[in-house]
Amino acid sequence: MSRDADGSVHRAGADDPREQRALIGLSLVNGVGASRIRALLAQFGSATAVMSAPRTALTRVNGVGPQTAAAITQFDDYAAVDTQLERAAQLGATLIMPWDNRFPTRLRQIYDPPALLWMRGTLTPADDRALAIVGTRRCTDYGKRQAHRFAQALVQAGFTVVSGLAYGIDGAAHRGALDAGGRTLAVLGSGVNRIYPSKHKRLAQSIIEQGAVLSEYPLDAPPDASNFPERNRIVSGMTLGTLVVESHREGGALITARMAVEQNREVFAVPGDLGRKAAVGTNRLIQRGHAKLVLDVDDILDELGMEPAAPDAPGEAPTPASLNAVEQRLYEALDSDPVHIDALCADTDIDPSTALVYLLSLEFKGLVRQMAGKQFYRV
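191 is the number that our numbering gives to position 98 of the sequence shown; each next residue is one higher, with no gaps.
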C-alpha cells in the first residue's frame, strides 16, 4: 500500500492497470535496471508511488543518484507504455509483476531477481519442480541426443524443463520435453515477440502451447549480446538445478553453471568425449568438483532427494511390449549410439526397404530417431 501524489491511498495488485503502467514506465526509464527498480519498490511500496515521488525522496534510495532521480521524475513517455500494452494484447503476452502469485517462487529467492517478466503461455504451480538443461550451440550429435534423452526422462519424472531456446543443446532439450508431452519454459535475451534465433519460431510456438516463453526485457527488445548473461541467471534461478550437456572451454552454459552455484542450486554435467572440444567445459566442471557427473535421470533424483517416477505410468511413450515382431527386433538391435541402416539390417537379417518402413513406425511412436546419412538410434 502507498499514497499517490494527491494523497489518495493506492494498493498495488497483480491486475492493477495503473500499477502495470507505472512499472512498465519505470522499466523504460534510462539508467533504471532491475536492481534499482527493486530498491525503489522496497522503499516506496509500489511503482505508482515511485513514479509520483519527488526527486529528493528518490535520491534517498541506495543507488539512485540525482541524474537517475531526475530521469524518473521527468519520464512522460506513456505513449511507449501504452504501445507495450497494446502489443502485448495482440500477442497474448502477460506482464507478471514480482508480487504476482504466478511469479516463479525460486526466482524470488535469488539475490538479483528480475523486476518483472513478460510471458507468452502459462506458468503453473507444477513449474516449481523445474530443472534447467543448457549447453553449447556448437554441439555434437551425441550432445543433442543426451539433451533430448534427459529432457524426456525429466518430464516423465514430473519436472518442467527450462532452457534458453538457443541452437544446439537448448533446442534439443525443449524438443525432448515437448516430445514427451511435458512442460518446458524458454527464457529469452530479447522481447518475447522477438524470437531468437528466428528459425526457432515454430519451436517457440510449441513451447507457448506446452509451457511459456519468458523475458525481463521490453517487447521488441533486440537480442543484444549483453542480455544473454543476464538471461542466464533467470534460467538457473527458477530451477532446482542446472544440467550442463556439452560446453566448450568458455561459453554461456558455464556462466549459467556458475550462477547456479552462486544461487545455491545444484549443478550436474554429462561427461563427454575427451577428444571433442565441445566437451571440454563439462568435463572440467566434473573434474574440478563444480558439477556432479550424471549418467541418467536417477542420478539427478538421488542428488535432489526425490523419488524416481513410477515406470510405465499412463500417458508415457509406447513401450517395446506394444511392438510387432519386426519392430521389436529392430528396437532391440538399437541403442543410444547411432547405427547405419546397412549395419542394422545385417545385424537383424531384415532387408533395407522393410527396415525403413518399420523404423519410420518406431519414429512415429517416439522410440527411435533418425540422423543424417540413414543412421538410427534408440531414444
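Keep in mind that the hints were calculated from the coordinates and are not lab data.
Values in this document were obtained by computation on a predicted structure and should not be read as measured data.
Warning: the hint list may mix true and false statements.
As the list claims (entries may be wrong) - The calculated DSS-like cross-link candidates involving lysine-lysine, where the alpha carbons are at most 27 Å apart (straight line), are:
#1 Lys370 to Lys467
#2 Lys370 to Lys292
#3 Lys458 to Lys292
#4 Lys458 to Lys294
As the list claims (entries may be wrong) - Just the calculated beta-carbon pair ranges, DEER-fashion:
#5 Asp175 to Gly382: 49 to 57 Å
#6 Gln380 to Pro445: 26 to 34 Å
#7 Arg231 to Leu449: 46 to 54 Å
#8 Arg180 to Glu355: 30 to 38 Å
#9 Arg342 to Gln298: 33 to 41 Å
#10 Asp313 to Val450: 45 to 53 Å
Glycine residues also receive a C-beta, built at the ideal position from the N, C-alpha and C atoms.
Results for each hint:
Proximity of Lys370 to Lys467 is assessed by CA-CA distance (about 25 Å); at most 27 Å being required, the pair is judged to hold. A C-alpha spacing of about 25 Å is found between Lys370 and Lys292, which places the hinted pair at or below 27 Å, so the restraint holds. Of the pairs offered as hints, the one joining Lys458 and Lys292 holds, with about 26 Å between alpha carbons and a cut-off of 27 Å not exceeded. Taking the CA atoms of Lys458 and Lys294, the gap is near 25 Å; set against the 27 Å cutoff, the hint holds.
Checking the proposed 49 to 57 Å range against Asp175 and Gly382 shows it holds: the Cβ atoms sit about 52 Å from each other. Remark: the range hint 26 to 34 Å for Gln380 to Pro445 is contradicted by a beta-carbon distance near 43 Å. Our hint of 46 to 54 Å for Arg231 and Leu449 is violated, since their Cβ atoms are close to 31 Å apart. At roughly 34 Å, the beta-carbon separation of Arg180 and Glu355 lies within the given 30 to 38 Å, and the hint holds.
Separated by about 34 Å at the C-beta atoms, Arg342 and Gln298 satisfy the suggested range of 33 to 41 Å. Separated by about 48 Å at the C-beta atoms, Asp313 and Val450 satisfy the suggested range of 45 to 53 Å.
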